[in-house]
Amino acid sequence: MAARKITKKPNVSAEELKTYYREMLLIRRFEEKAGQLYGMGLIGGFCHLYIGQEAVVVGLEAAAREGDKRITSYRDHGHMLACGMDPGGVMAELTGREGGLSKGKGGSMHMFSKEKHFYGGHGIVGAQVPLGAGLAFADKYKENGGVTFTYFGDGAANQGQVYETFNMAAIWDLPVIFVIENNQYAMGTSQARSTSTKDIYHRGEAFGIPGEIVNGMDVLAVKAAGEKAVAHCRAGKGPYILEVKTYRYRGHSMSDPAKYRTREEVQKVREQSDPIEHVRDLLLTGKHATEDDLKAIDKEIKEVVNQAAEFSKESPEPSLDELWTDIYA
Amino acid sequence: MATEILMPALSPTMEEGTLAKWLVKEGDTVSSGDIMAEIETDKATMEFEAVDEGIVGKILITEGTEGVKVNTPIAVLVEEGEDASALPTSAPAAEAAPEAAPEAAPAPATTAAAPAAPAVDLSPDWPADAEMKSETVREALRDAMAEEMRGDEDVYLMGEEVAEYQGAYKISQGLLDEFGAKRVIDTPITEHGFAGIAVGSAFGGLKPIVEFMTFNFAMQAIDQIINSAAKTLYMSGGQMGCPIVFRGPNGAAARVGAQHSQDYAAWYMQIPGLKVVMPYSAADAKGLLKSAIRDPNPVVFLENEILYGRSFDVPQLDDLTVPLGKARIWREGSDVTIVSFGIGMQYALEAADKLAEEGISAEVIDLRTIRPMDTGAIINSVMKTNRLVTVEEGWPQGSVGSYISSVVMQEAFDYLDAPVINCTGKDVPMPYAANLEKLALITTDEVIEAVKQVTYR
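As you go down the protein sequences, you meet chains A and B in turn. Residue numbering for the first sequence follows this note's numbering, beginning at 436 and increasing consecutively. Residue numbering for the second sequence follows this note's numbering, beginning at -6 and increasing consecutively.
Calculated directly from the structure, the hints in this document are not laboratory data. Worth double-checking, as some hints may not be accurate.
Coverage of chain B stretches by chain A, computed from C-beta distances (three or more under 8 Å per stretch; other residues unrestricted) [to be verified]:
{"id": "1", "region": "190 to 196"}
{"id": "2", "region": "214 to 221"}
{"id": "3", "region": "230 to 238"}
{"id": "4", "region": "366 to 374"}
{"id": "5", "region": "385 to 397"}
Below, a sample of chain A positions facing chain B; criterion: calculated Cβ distance under 7 Å [unchecked claim]:
{"id": "6", "residue": "Glu467"}
{"id": "7", "residue": "Gln471"}
{"id": "8", "residue": "Gly479"}
{"id": "9", "residue": "His545"}
{"id": "10", "residue": "Ala568"}
{"id": "11", "residue": "Glu599"}
{"id": "12", "residue": "Thr600"}
{"id": "13", "residue": "Met603"}
{"id": "14", "residue": "Pro692"}
{"id": "15", "residue": "Asp761"}
Predicted, not measured: the structure shown is a model, and the values here were computed from it. By construction, the Cβ of each residue, glycine as well, lies at the ideal position given by its N, Cα and C atoms.
The task is simple: from the sequences and hints, build the whole structure.
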């Protein structure tokens, strides 16, 4: 990860920067609130927070166009918020309520939106990778010009089905962007202990799939790489790999004390590479916004998150007959 | 406004913990993400972060306190200029987790004291005067796919050797010529991967038919079949279904050894969200496959290599469909009910023929669909014959027959005049040697013997 250091003034408008700031802040505040509700016992089971990785989805969503698809693993709240799914609906799913996006039947790891082209929310590590290639297969079959962002982590990158998928995506020229969100820890196992290659995207070369490393703490770098990958896919040149180096501040899930890394390591990333602070610096040093402007955004986001939390508490539990619905279409 | 900070639950099962250490003191300013305290549970010591900004107004629980219940106020966070002492000291109860649901919804009744005869669909699947023509199961399956692909552009076939090779068992013969490489797709040998891609394409709006060269190889893909295809509709609250057919030969062929000879009917039968079909005749193979392709749910369609070349009369209709979930009575009888499906039907029907010569009248039911199962047809028949034998090629423990036995015991116990007998394959991996293989499989004689036992002959 590059240090949060502004070397040159990026060619980006104030509005664009503010949008990224707002979207990343929404994810962070939402996740903090989710952590809080978990602590209060309102959210149960597994809950994987996205804090620290916000620039990845926000940057890539900025490179997508209407109709493009996305699919990811169980660490999915950020992806859903970034593609425009309702924060209240997401939070109410976390609390297992009727107003949740899956009517309370999916939980933190399983939400979907046909409208926003978000295809889950998958709990088996790596299983979303062939599914994502399948979405791309459907786009190619229908010749609709769509591209699918298939997100997975450095942990999933050691699953065999990922490479089965690389092979077929390459021979069939599927319009799929494999986004490896490399947060450096597969649950508690560091990449150095689990993965034979330092840079995972190199594995794509064995299948003839081009790829590159992206600084996942810099939303502008992510967006630029995303645009390049999208152009490659839309031109019919087949899949592309983006290995986005990022960092999760929290444990793997809520019950992970994260003893496999030092507090100093986490603190260093937070102080030097935080993706939100990066955009904040760009906004302030570029005189695109004042402290007061940013405070107003903070307030606005806080309000959105508080409303989502309120909704998630007030929405009733699903009616008991929901147990037996949605098993067959 | 001042807010109380509550003792957090740090795992799905935590109820209380030790407040091991405060990392902030009264008067400190914190912002969200700052570590405030260390909390010890029975599993680990966890750091506890601030989720809001503010000033630590008051610490309510001193460090080292054990057995602090989740949701107990442990500190008060105030805004600048605010006084912590002005706060109420007890946490509002409204924030606590909701109580568990008072009463579970009643499960659909599976027990009944004095059952009425269930309503059973006994309507014919095709008009009695339909013109019939002898066709093999192989031809019937191919025609079913071709007809559905002609009718719906979104239907495509994917699998190993389905296109240029014309199918490992020649089920897809001619399809590449008619529909082209876009819709008849050869895959590499990579079941887990292509099953996942096909499921993804179904989420994306297509209607894939996935051919497994045999269902033995589908074990590599079973995670995608169950976790991705079968469960997504439920997990999405009904938003995203998966219209897909997984088909291919299932069960023992001949002399191919343990890894290539296994019946998966009982495996897939267990999964809510899946439909499971296992046809015997060519007409059913065609009509059921066409229905399966049109069905909006994932369907596991279990064929049999030995049956592929067998001929049956097939009605010559423009659009022959057989509904999923409906059994077929092949032969009416009064002394005993024999229930089977797939190749098991061969033994059931042969046994019924021989038993008739001995004056025992067997009613033979072909389930055709294993899930949803037409248990009504079985119960109805048992109420008439009072005796039941099930026949399948799979293993005995957790067999389809054992499930049928339990349903019949619960719903028609008073009608049984003898214990139900499940005729199954032997409880061994399939041997290679010809004589041992024959011994491992179910035989017609075993079915006859079972019928004689339940009829006390």
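Structure-based check of all given hints:
no.	hint	in the structure
1	190 to 196	holds (count 7)
2	214 to 221	holds (count 4)
3	230 to 238	holds (count 6)
4	366 to 374	violated (count 0)
5	385 to 397	violated (count 0)
6	Glu467	holds (5 Å)
7	Gln471	holds (4 Å)
8	Gly479	holds (6 Å)
9	His545	holds (4 Å)
10	Ala568	holds (5 Å)
11	Glu599	holds (3 Å)
12	Thr600	holds (5 Å)
13	Met603	holds (6 Å)
14	Pro692	holds (4 Å)
15	Asp761	holds (4 Å)
Of the numbered hints listed earlier, those contradicted by the structure are 4, 5.
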